[in-house]
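Model the placement of chains B, C and D on the given structure of chain A, informed by the hints.
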Amino acid sequence: MQWGSPSEFWAMGGYGLYVWTSFGATALCMVWEVLAVWRRQAAAAVERRDVA
Amino acid sequence: MSFMGINWFKYSSPQAFHPLAGKMIPWFSAAALALIGVGLYIGFFVAPTDFQQGDAYRIIFVHVPAAWMSMFLYVIMAAWAGIGLGLNARPSFMMAQAIAPTGALFTFLALLTGSMWGKPTWGAWWVWDARLTSELILLFQYIGIISLRASIDDLRRADRASAVFALVGVVNVPIIYFSVRWWNTLHQGASVSMTASPKMAATMVTAMLVMTLGFWMYSFAVTLARVRCVIAERERQLSWGKNASIQQVAEAR
Amino acid sequence: MFQTVALSGSRGERLLFSDVSVTVKPGTLLAVVGENGSGKTSFLRMLCGLLSPDGGAILWQGEDIRQLKELYTAQLTYVGHLNGIKDELTPVENLKLSACLAGDKSSGAIVQKALEAVGLGRSVHRLPTRVLSQGQKRHVALARLWLSTRPLWLLDEPFASLDTAATSYLTQRLQAHLSNGGMVVIATHQEIALPTDSIQHLRLAR
Amino acid sequence: MSQPSMSEALRGVVRRDLLLAMRHRSDVAMSVFFVVIVASLFPLGVGPEQAVLRMIASGVLWVTALLACLLSLGRLFTADYLDGVLEQTLLIPQPLAVLVVGKVFAHWVISGLPVVLLSPLLGLQFGLSGDSLWVLTLSLLLGTPTLSMLGAIGAALTLGLRGSGLLVALLVLPLFVPVLIFGAGAVTSSLAGIGSEANLSLLGACFLLSLAFAPWATAVALRIALE
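Chains as they are written, first to last, in this note's numbering: chain A, 1 to 52; chain B, 1 to 253; chain C, 1 to 206; chain D, 1 to 227.
No wet-lab data here; the hints were simulated from the structure.
Incorrect hints may appear among the rest.
As the list claims (entries may be wrong) - Using 25 Å as the maximum straight-line C-alpha spacing, the simulated SDA-like pairs for lysine to any residue come out as follows:
#1 K69/C <-> P95/D
#2 K105/C <-> Q3/D
#3 K105/C <-> S123/C
#4 K23/B <-> E47/A
#5 K69/C <-> R11/D
#6 K105/C <-> N180/C
#7 K119/B <-> W3/A
#8 K69/C <-> G84/D
#9 K69/C <-> Y81/D
#10 K25/C <-> A57/C
#11 K105/C <-> S179/C
#12 K113/C <-> G84/D
#13 K69/C <-> V14/D
#14 K25/C <-> G182/C
Chain A extracted, bound-state conformation:
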């Protein structure tokens, strides 16, 4: 374990901005994609019931 304190962890040796933007953007995009597929699935399910 190389982090002495939480603030040291967030600072990432001075590169916090770059590291956290990368990981944050990745997480955000993935969550957004999952939500988008989920909503599309819900919409498709509703229309299926309408047809049946």
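Then chains B, C and D, alone, in the frame of chain A:
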């Protein structure tokens, strides 16, 4: 056609595939969450700080898996497209259709994280390195495929036209990679490379591989969920079509 | 002999026809009739090999046209819904080029004779097709039949926008083709003035 | 039964397209003027310094050639598609890929060849001289047919679609990248005195590769578009 006691042939039709995909999604999602969790733990708490790049190198734990996935997914998409064209199989076109957006997303992330890594390491947000450039062209091709599909109304034509373009692109990307490398030697530009320092600690490699595996599982889950949407949406169109044509039998006399 | 076996086709997701089995023997004509939108054009394009069937097969002399490929297209002349002629070229140039591309004889004299046979006088032979009327353009497209030496003719609404004189010329030409042992598939709304024993009807219902 | 020989069919396709181009001479002239105007705008934007102009010459002229090809792609199949000639072309009893080569050749004669012939003049505008001027022309001569062949794939895929002009650019420009790199690279390396043979032979390889695959892919795309 039985392999491990499962009748695979049965699942080649969309109707049978739909529930099977539904059963597989939770498992893949759980595996994705677990693997990404473990990967992040190793990446942030076990892997040591790099003595050259400091902690900025930790970006490669998302950058490299995203870049790999963007290429894997393109090749897999092109393979499905090729199978679809060769065997005239609708389910393979649906798979290709479902993979494209996830592939495009990973390509975008690879570019974004690449420039995040590049700024502190090279001092520039963007460098015309062979890998980054081919990644950019890959993104254009993903966008091309998605918009080609979107602008064709006839499903059959949309499937087949985007499949042809996917196959053309699979030849193009390696050519671009080598041509940009060639171009870099000509211009004697910054001789840069995305490969991290030659002696990467074993824990760094482990973190990267675990993250990649997690991204694989994530891609499986999302694509399967999307292919289910595609099947459902197409079925709906089909049932509309059936209602529209009441009398279908042609009588010959 | 030309056959379709259990042929079915669709447009988009809409099924147009299914299980169509017909046989066209040398010297006979198949008239495909039906309302607008019943799939006559799709049926004809399928017979050309431009459209692939959903099911079933099309056989030429007992062999699947998907296997024959260019060997089959060398047997047919297709006059489609679109004329397939260039507006900027003259009727003579248009016919010469299409005859040359079909491998038929294409000297100026032969082409002019064909144009006169459909009722296009010499005065329009050297004008750009652009200035001709719709009916005259149709004449130019149909004049290809006077140059064709191929056994199978596939004609999509050939009588549409023709006057009575041209209709009778075309009927005579069809008659001559049939008596030479040719085969014709024609999509039409009109009755064709040919001996009934050589005509077969296929009704496509919507 | 009658069948044209392969060379007859090929000649017929080329002759028709060239004949049509002769009737529309203004279209051909327009694409030439487009190249001249675009190439003349760059010095006005960048400034008149010879050294700078010489450095950007290859890139600017190549991108201009690329855009000229792109703009003329709409003409390649659309007119034939609308008047039914394309349908008849598909029924010619010769392999469609061969006929596509004929159409692409005619397209190159109309849109690519004028740019090649004009390039020495444009090169002079940018201060290129002697050897590099000659390399520029040669690289365009080798590269523009490749552009036409790759462009044909995009033109066939987007045939008859709404907004096909922009879509064609989106699909085709990524395919043009290697040709651009080797073509402009040939001129740059000749200016640097390294020798342009390597780039030119890579350009030739691109030409052969696209000659092998592009007409075939275009033929598949045309059949799909006409279904």
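Quick rundown of the hints versus the structure:
As the CA atoms of K69/C and P95/D are separated by approximately 9 Å, the hinted pair is consistent with the 25 Å bound. The straight-line distance between the Cα atoms of K105/C and Q3/D is roughly 11 Å, inside the 25 Å bound, and the hint therefore holds. Distance restraint check for K105/C and S123/C: the Cα-Cα separation of roughly 23 Å lies within the 25 Å cut-off, and the hinted pair is therefore satisfied. For the hint linking K23/B to E47/A, the alpha-carbon distance of about 21 Å falls within 25 Å, and the restraint holds.
Using a Cα cut-off of 25 Å, the hinted pair K69/C and R11/D holds, with the two alpha carbons roughly 21 Å apart. Taken as a hint, the K105/C and N180/C pair is honoured in the structure, with Cα atoms around 19 Å apart against an allowance of 25 Å. Between K119/B and W3/A, the direct Cα distance comes to roughly 24 Å. Compliance with the 25 Å bound is thereby established for this hinted pair. Among the hinted pairs, K69/C with G84/D is consistent with the structure: their alpha-carbon atoms are about 20 Å apart, no more than 25 Å.
A C-alpha spacing of about 21 Å is found between K69/C and Y81/D, which places the hinted pair at or below 25 Å, so the restraint holds. Between the alpha carbons of K25/C and A57/C the distance comes to roughly 17 Å, so the proposed pair stays at or under 25 Å and holds. This hinted pair checks out: K105/C and S179/C have alpha carbons roughly 22 Å apart, not beyond 25 Å. Proposed proximity of K113/C and G84/D is supported: the alpha carbons are some 24 Å apart, at most 25 Å.
Among the hinted pairs, K69/C with V14/D is consistent with the structure: their alpha-carbon atoms are about 23 Å apart, no more than 25 Å. Restraint check: the Cα-Cα separation between K25/C and G182/C comes to about 9 Å, which is no more than 25 Å; the hinted pair holds.
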